[in-house]
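Add chain U to chain L, keeping to what the hints say.
Taken in sequence, the protein lines are chains L and U.
Following my numbering, the numbering of the first sequence begins with 12 at its first residue and continues without gaps.
Following my numbering, the numbering of the second sequence begins with -8 at its first residue and continues without gaps.
By construction, these hints were calculated from the structure, which means they are not laboratory data.
It cannot be assumed that every hint is accurate.
[What the hints assert, rightly or not] Capping the alpha-carbon separation at 20 Å, the derived lysine to any residue pairs in SDA-like fashion look like this: (1) U:LYS97 x L:VAL161; (2) U:LYS82 x L:PRO145; (3) L:LYS108 x U:ILE(-2); (4) U:LYS82 x U:LYS97; (5) U:LYS19 x L:MET88; (6) L:LYS106 x L:PRO65; (7) L:LYS175 x L:ILE42; (8) L:LYS167 x L:ASP177; (9) U:LYS(-6) x L:SER139; (10) U:LYS76 x L:MET88; (11) U:LYS76 x L:PRO37; (12) L:LYS108 x U:ILE3; (13) U:LYS97 x L:MET160; (14) U:LYS76 x U:SER51; (15) U:LYS76 x L:PHE81; (16) U:LYS(-6) x L:ALA163; (17) L:LYS106 x U:LYS(-6); (18) U:LYS(-6) x L:VAL156; (19) U:LYS19 x L:SER139; (20) U:LYS76 x L:ALA163; (21) U:LYS86 x L:ILE42; (22) L:LYS108 x U:GLY1; (23) L:LYS108 x U:ASN(-5); (24) U:LYS(-6) x L:VAL161.
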Amino acid sequence: MAKKTAYMGMLVALAFIFSYIESLIPINVGIPGIKIGLANMVTIVTLYTIGVVPAVVLSLVRIVLTGFTFGNLAMMMYSLGGGMLSLLVMVIARKTKLFSITGVSVLGAVFHNIGQIIVAAIVVENSSLFYYLPVLLVSGVVFGVVIGMVGAVLVKRLSGFIQKQDIF
Amino acid sequence: MKKNDVIMIGIIVVIALVALCLVNLYGKWNTKDAQAVVTIDGTEYGRYPLSEDRTVKIESENNGYNLLIIEKGDARIEEASCPDKICVRHKPIDKTGETLVCLPNKVVVEIENGEEADVDASTN
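Looking at chain L on its own, in the form it has when it is part of the complex (with noise of 0.2 Å):
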């Protein structure tokens, strides 16, 4: 147990400092929601290597923590709403064994979009943020991309590694 607890905290660690990272990223083009989604490396290797349950804890954690620490109320909203449609797609994606990871990847960034884009359109009652939709479907994508080739070298290296310290 102890030694689960420790891991699961290092990972939540890794993937809170890359959230902070990422919000020291500007990306300014004029359209709001565009995300690289370092924190969803994370997410995908803890998904593969350790299981759904793990991946759901640390996402949940991460969410709560970076939105307390460098977010507000609304933020950390939509963060929810899109983490967790998001993982539940990636989830479902991995049963089906139709895609690689970096297939996985792309579909959980671009349904992060999606599921922002709810809750946002939820919160200021107004669907006309649809609007944005067609440019997050496509920075979902190439971002989705990068980071999923990413977490496939990841899962790669690190698989064997975890196994063998039987933490889980």
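Below, chain U alone, put in the same frame as chain L:
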């Protein structure tokens, strides 16, 4: 990457591009006597035609505000009380359907047609 990945990515990109073209063309063709419609938390706050230059201070709850500027036929937010300033960095909007959003203040500025413009358009 597997073949399935490439197919899936292709489908998403095609959908996005088609949607992007439709939205842009729709906005271009259907913008007539455009107005900036301001809503706070879903309730309408005011509508301002883009043809007249003006500055509106949109006041929302908890002393929040967004300074909306209408100038030379487009609308932008010059200043806001929110911490993230996403709405301030947004490019100016002038086409039907385009929006400026400030989530912390729950303010949405949307471009809408002033009149029922499609009646005229269809009889032409």
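- [ ] Quick one: which hint numbers does this structure break? Sort them smallest to largest.
- [x] Those not satisfied are hints 1, 5, 7, 9, 13, 20.
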